[in-house]
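Asker: Listed below are the residues making up each chain.
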Amino acid sequence: IQLTQSPSSLSASVGDRVTITCRASQGISHYLAWYQQNPGKAPKLLIYAASTLHSGVPSRFSGSGSGTDFTLTISNLQPEDSATFYCHHVYNYPRTFGGGTKVEIK
Amino acid sequence: QVQLVESGGGVVQPGRSLRVTCVASGFTFRSYSFHWVRQAPGKGLEWVANISDDEKEYYEDSVKGRFIMSRDNSKNTLYLQMNSLRADDTAVYYCVRDGMVLGEMDYWGQGTLVTVSS
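Residue numbers (the working numbering), protein chains in the order written: chain W, 1 to 106; chain E, 107 to 224.
Hints were generated in silico from the structure; no laboratory data involved.
There could be a bad hint or two in this list.
To be verified - Restricting the straight-line Cα-Cα distance to at most 30 Å, the calculated cross-link-like pairs of lysine-lysine (DSSO-like) are:
1) K170(E) to K44(W)
2) K162(E) to K149(E)
3) K106(W) to K149(E)
Stated by the list, open to error - Some chain W residues close to chain E (C-beta under 10 Å, calculated; not the full set):
4) S9
5) K44
6) S75
7) T84
8) T96
9) G99
Here a beta-carbon is modelled for each residue, glycine too, at the ideal position from N, C-alpha and C.
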């Protein structure tokens with residue numbers, strides 16, 4: 001299963017609303033997670049089951065979608081959100097990740 | 107608190123072997139599945155292998171037959187034995203816990219760098 005993320009990068013201002021999309025090459029129901037990776041750090045889980053916020057993750061992050069099309073939305077973008085975001089399917093093996101979306105703060 | 111600590115990375119020549127280790131703490135190790143995920147320098151994330159709580163194993167195609175993932179529940183430790191290493195295996199290798207709700211990777215180690223070079 002291939003995951004295609006778009007855009008590959010974006011630049012936005014503090015307080016903006018940002019949307020990242022992830023398209024699967026076949027239907028994966030709600031078996032999708034999102035991760036944030038800050039520079040030089042290990043990735044962190046943000047969202048699983050397409051829309052469930054992981055414990056401790058700020059509520060400005062939200063996920064939606066099912067089947068083949070998914071979105072990660074960051075409302076009220078903060079400076080600490082400057083990072084690369086990855087989608088990841090957990091539908092079957094082999095697992096795959098999207099190519100990543102790098103978010104830059106203007 | 108949940109901790110995953112990898113070790114064993116380093117520089118190794120092409121064709122040689124290396125074993126990386128991950129020691130877990132802060133939770134009931136034997137109840138969880140785990141993954142290895144790698145990231146080549148400047149590149150994205152790549153899932154490598156998984157071992158379930160009942161020791162079923164799954165591998166990404168490019169490492170199948172070369173890498174072996176195992177666990178020792180008595181030591182709260184995971185292993186990734188990497189054989190016939192190639193230059194394109196160069197990456198930071200992350201040990202990751204499977205959250206066991208819907209396959210999410212809920213905790214990550216800090217990673218260990220494996221460099222395959224002559």
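Asker: Does each hint hold? Answer for all of them.
Answerer: How the hints compare with the structure:
no.: 1; hint: K170(E) to K44(W); result: holds (27 Å)
no.: 2; hint: K162(E) to K149(E); result: holds (29 Å)
no.: 3; hint: K106(W) to K149(E); result: holds (23 Å)
no.: 4; hint: S9; result: violated (13 Å)
no.: 5; hint: K44; result: holds (7 Å)
no.: 6; hint: S75; result: violated (22 Å)
no.: 7; hint: T84; result: holds (8 Å)
no.: 8; hint: T96; result: holds (7 Å)
no.: 9; hint: G99; result: holds (5 Å)
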